[in-house]
Amino acid sequence: MTISRLWPVVLLGALTAIRSATAQTAGNLLARGVRAYQNLDYPAAAGLMRRLLDESPSPPERSVQAKALSYLAAAEFFQGQRDTALATFRQMLERDARNRPDPLVFPPEVQRLFEEARRLTQTVSAELPREAEIRPDGPPLVAHLFASSPQDIVVTVGPGEQARRTLYEGPIGDSLDVRWDGRDSLSAPISGGHYLLKVVAREPSGRIHRSLEVPLEVTRQAQDTLPIPPAPDRRQILPERAGGAPPLAGLGRALVLVAAVVALPVVVGAESDAGDGRLVVAGAVGLSGIIGLAARGSGRAIPGNIQANRALRDAWRHRADSVATENARRRSAVRLVARVGEPIIRNSEQP
Amino acid sequence: MSASRPIVRALVLACTLAPAWPLSAQAPPRAALFGGAMSARVEILAGGRAESMSSPAFLGQGMLSAGRMLVELTYVQGRLAPGAGAIAGRDLVDGRVFVGVRPWDWLSIRSGAQARAFVLAGGTRRWVLGELCGRAESSLPGGVARGHVELWVAPLGSSNTGERLDRARGGEAALTLHPPNRPLWAELGYRIDRVQWGGTRRETLEGVSFTIGVGLPAVPGL
Numbered sequence: 092m093t094i095s096r097l098w099p100v101v102l103l104g105a106l107t108a109i110r111s112a113t114a115q116t117a118g119n120l121l122a123r124g125v126r127a128y129q130n131l132d133y134p135a136a137a138g139l140m141r142r143l144l145d146e147s148p149s150p151p152e153r154s155v156q157a158k159a160l161s162y163l164a165a166a167e168f169f170q171g172q173r174d175t176a177l178a179t180f181r182q183m184l185e186r187d188a189r190n191r192p193d194p195l196v197f198p199p200e201v202q203r204l205f206e207e208a209r210r211l212t213q214t215v216s217a218e219l220p221r222e223a224e225i226r227p228d229g230p231p232l233v234a235h236l237f238a239s240s241p242q243d244i245v246v247t248v249g250p251g252e253q254a255r256r257t258l259y260e261g262p263i264g265d266s267l268d269v270r271w272d273g274r275d276s277l278s279a280p281i282s283g284g285h286y287l288l289k290v291v292a293r294e295p296s297g298r299i300h301r302s303l304e305v306p307l308e309v310t311r312q313a314q315d316t317l318p319i320p321p322a323p324d325r326r327q328i329l330p331e332r333a334g335g336a337p338p339l340a341g342l343g344r345a346l347v348l349v350a351a352v353v354a355l356p357v358v359v360g361a362e363s364d365a366g367d368g369r370l371v372v373a374g375a376v377g378l379s380g381i382i383g384l385a386a387r388g389s390g391r392a393i394p395g396n397i398q399a400n401r402a403l404r405d406a407w408r409h410r411a412d413s414v415a416t417e418n419a420r421r422r423s424a425v426r427l428v429a430r431v432g433e434p435i436i437r438n439s440e441q442p
Numbered sequence: 064m065s066a067s068r069p070i071v072r073a074l075v076l077a078c079t080l081a082p083a084w085p086l087s088a089q090a091p092p093r094a095a096l097f098g099g100a101m102s103a104r105v106e107i108l109a110g111g112r113a114e115s116m117s118s119p120a121f122l123g124q125g126m127l128s129a130g131r132m133l134v135e136l137t138y139v140q141g142r143l144a145p146g147a148g149a150i151a152g153r154d155l156v157d158g159r160v161f162v163g164v165r166p167w168d169w170l171s172i173r174s175g176a177q178a179r180a181f182v183l184a185g186g187t188r189r190w191v192l193g194e195l196c197g198r199a200e201s202s203l204p205g206g207v208a209r210g211h212v213e214l215w216v217a218p219l220g221s222s223n224t225g226e227r228l229d230r231a232r233g234g235e236a237a238l239t240l241h242p243p244n245r246p247l248w249a250e251l252g253y254r255i256d257r258v259q260w261g262g263t264r265r266e267t268l269e270g271v272s273f274t275i276g277v278g279l280p281a282v283p284g285l
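Residue numbers (my numbering), protein chains in the order written: chain Y, 92 to 442; chain L, 64 to 285.
So that you can see chain Y by itself, here it is in the shape it has in the complex:
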């Protein structure tokens, strides 16, 4: 095995090792910080949690972040740094409005401080699927919104600041589901592109103090149309006339027969003795062919076969009509696929 064949294996192993080391480091720091907190060594606990939050090579998981922030705020609080602890709790809420310090771990005074932080911090976080299909006449995109505290919000969606569609405007208590059906401010299906789902928190005075922006990359996908079923094959069509041939072929046979009747004396070598009687038969054959052709086309009708063929054609026409209707529906139906990006929180001081 050559080096060139080995490098994917080596790369995969290295990535796995790095990820494992990061997880171990974060987990180790958290465990050490918790142990220090439990030993009432608050400075050490705070230091370890800050290292965990600020110096990790990659951001720890959200649950680890929330836990670390809880211990950090509590450690700061017990060191007499109340405002700092308050700020830490607010930071924890801004990361996710659903974050809470564990009431079984942290004492009531810490819980009271967190409640104060909740009152002061009006933030909203959103939970959306990573990818969702939106249909104007089908299931909408659902954004689950969670508020840190009751507040007034405005939820809009649009490609830019202009022509935004307001999805919700009003108070939010604990949580709220907001739905978007893929239509713009004029209620027309959107054509796709880059959109922003924006949750704006307003103060009672109307001033915007924080907004949450969720990028949506919307692509419009046309549905495949169904193929029109093929018409009944000639082999499936039963003969509708018995003893018949295509009209021209039938006429051709009649003419051949006329010629044969006229030529019969010559063929048997008796032309010198033949009379005109054969012309009567030849004329009758020719007349019969012409009358038959004019009157009935070709052959005697077979009602059973005609009925079976009609049923076959009707069934095919029905299927073709159904497919055409379904295709028309599919062409008119808009199918949108939204890929949801990472939410961004903007405070009022940010542009």
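Treat the hints as calculated values from the structure; they're not laboratory data.
Possibly wrong hints are sitting among the right ones.
Unchecked claim - Per label pair, the in silico range of CB-to-CB distance: (1) L/100 / Y/399: 37 to 45 Å; (2) L/170 / Y/327: 23 to 31 Å; (3) L/100 / Y/347: 24 to 32 Å; (4) L/168 / Y/366: 30 to 38 Å; (5) L/170 / Y/385: 23 to 31 Å.
Note that the Cβ used here is the ideal one computed from N, Cα and C, for glycine as well.
Here the structure of chain Y is known, so what remains is to put chain L in place on it, guided by the hints.
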């Protein structure tokens, strides 16, 4: 001709005795009877003298078909009135029996015998031919009418006068009208044959016939 006679005899015999056709058991037998009149005209050239006679004659025909096998009987009888060159009239009696197979619906091959007799006051002239026959049939536009053309040759023949058969050929063409789902047929036919004996005698029979038939069609689908 004499060298090929054994072969032709065998062929005629094989066709005549060919009833073991395997398809014969596949369909129920069908039978039909025809009866009608024929306007017959006979021209005889013998010893440099030509005789012409004509007569309305009775024509009867029976047909039995089972699968691809068929048997056909034809009988003609009439009193020939003397015409140009003929001294006396005579009775005409003609009979044919054919056994055949129908390899395709449009074609049948038959073999059999034909006997004809001219009954005069002074005696009867009679001959018998062994024949091979092919008949092509086809429906005509409209599905009510059907036509057929038949040709036959007689490689074998004998006469009660001891004359040697030189050549015998004949043919028939007819238009058959068969209304759908009715057992009645009507047929307008034309037939002609010429038989030469001993290099000196030549008989030609020509006839236009109209017959009514009763029975099921011999060909499925007609």
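Evaluated hints:
{"no.": "1", "hint": "L/100 / Y/399: 37 to 45 Å", "verdict": "44 Å, holds"}
{"no.": "2", "hint": "L/170 / Y/327: 23 to 31 Å", "verdict": "29 Å, holds"}
{"no.": "3", "hint": "L/100 / Y/347: 24 to 32 Å", "verdict": "28 Å, holds"}
{"no.": "4", "hint": "L/168 / Y/366: 30 to 38 Å", "verdict": "33 Å, holds"}
{"no.": "5", "hint": "L/170 / Y/385: 23 to 31 Å", "verdict": "28 Å, holds"}
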